Amino acid sequence: MSGLDSFITSSAPLPECIATSTEIEDRESVFVGHIYRAASAVQARAAQAHLKRSHAKKSASHEIYAYRCMTLKKGRDGLGEDDFKVEEGIEDDGESWAGSKILKVMKDQAVIDAVVIVSRWYGGVMLGPVRFTHIEDCTREVCRAFAVKDELDDYITTLTALDEALARLRNKLESVRTAQVSGSLSEPTPEAATPSTQDPSASGTTGSDDASVTEPLAKKRKLEPAQDYAGLRRSSDVKKAKRLVTARENSIKAVQKLLDKEMAAKSPTVAEKTGGIL
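FYI, the numbering for the sequence shown is 221 to 498, going by this note's numbering.
Simulated from the structure, these hints should not be mistaken for laboratory data. These figures come from a predicted structure and were not determined experimentally. Hints may be right or wrong, so weigh each one.
Cβ pair distances, simulated, as ranges [what the hints assert, rightly or not]:
# : residue 1 : residue 2 : range
1 : T466      : M346      : 49 to 55 Å
2 : V368      : S281      : 28 to 34 Å
3 : E371      : F304      : 17 to 23 Å
Calculated lysine-lysine pairs in the DSS-like style (CA-CA distance at most 25 Å, straight line) [stated by the list, open to error]:
#  : residue 1 : residue 2
4  : K327      : K369
5  : K369      : K459
6  : K294      : K277
7  : K293      : K324
8  : K305      : K293
9  : K327      : K305
10 : K462      : K477
11 : K278      : K324
12 : K305      : K294
13 : K293      : K327
From the three backbone atoms N, C-alpha and C, an ideal C-beta is built for every residue, glycine too.
Sequences are here, hints too, so could you generate the full structure?
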């Protein structure tokens with residue numbers, strides 16, 4: 221391998237295991253399933269190679285895998301409805317027919333852009349057909365976990381977008397209210413309209429006092445830091461994610477309603493300062 225090839229290989233990110241199944245032990249044989257994201261056959265093979273390296277201290281007798289990827293058809297640009305196809309592949313790794321068992325479960329679970337690898341450590345006793353049941357059970361478990369993670373990722377993406385929209389609306393509402401208060405403070409009173417010969421310092425106040433009153437109001441709310449949903453990811457609590465999305469949507473509706481009310485009652489001066497509704 222050339223120096224450049226070695227650099228490219230070593231600098232590539234390692235495949236990330238999305239889920240690992242519960243170990244199944246039967247007459248000294250052990251089965252464990254793993255699922256990785258894979259957008260191509262190359263990535264599927266890379267995941268298997270990575271898993272083999274991680275098992276170097278106690279190599280599995282078989283690292284069986286199957287993958288399913290959505291790939292672009294040759295000569296297509298990805299803009300047409302029929303430009304993509306599902307590419308599938310299996311590797312029995314010495315355990316005849318095992319790869320096809322994994323692939324069937326993946327199809328049943330509608331898993332795509334992933335590779336499932338089931339590692340088997342042979343214990344010295346022939347298991348017969350039940351070994352395929354164990355392989356299928358391991359596959360089914362990680363496929364379900366993969367589907368949950370995909371759904372959760374979609375909700376978190378939605379939550380992040382809703383958080384940003386809510387922060388912008390709150391900024392807008394505060395800007396409108398600030399402009400209204402600033403406008404009312406700047407309106408001259410009869411006393412203020414009459415020139416005074418009194419020394420401003422005599423009353424213990426200065427011209428900067430008005431600025432100190434309005435300054436906090438003039439400060440716009442900064443966009444709040446992005447919510448950290450790492451805990452939600454770890455919990456895999458899809459129901460909680462759904463509740464959070466609903467709560468954010470309701471908050472946006474409430475703030476938008478307040479903003480609409482404020483804007484409906486605003487003066488032309490406020491309109492100039494705020495630039496209208498986003």
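(Q) Tell me the hint numbers this structure goes against, listed in increasing order. (A) Structure breaks hints 6, 11.
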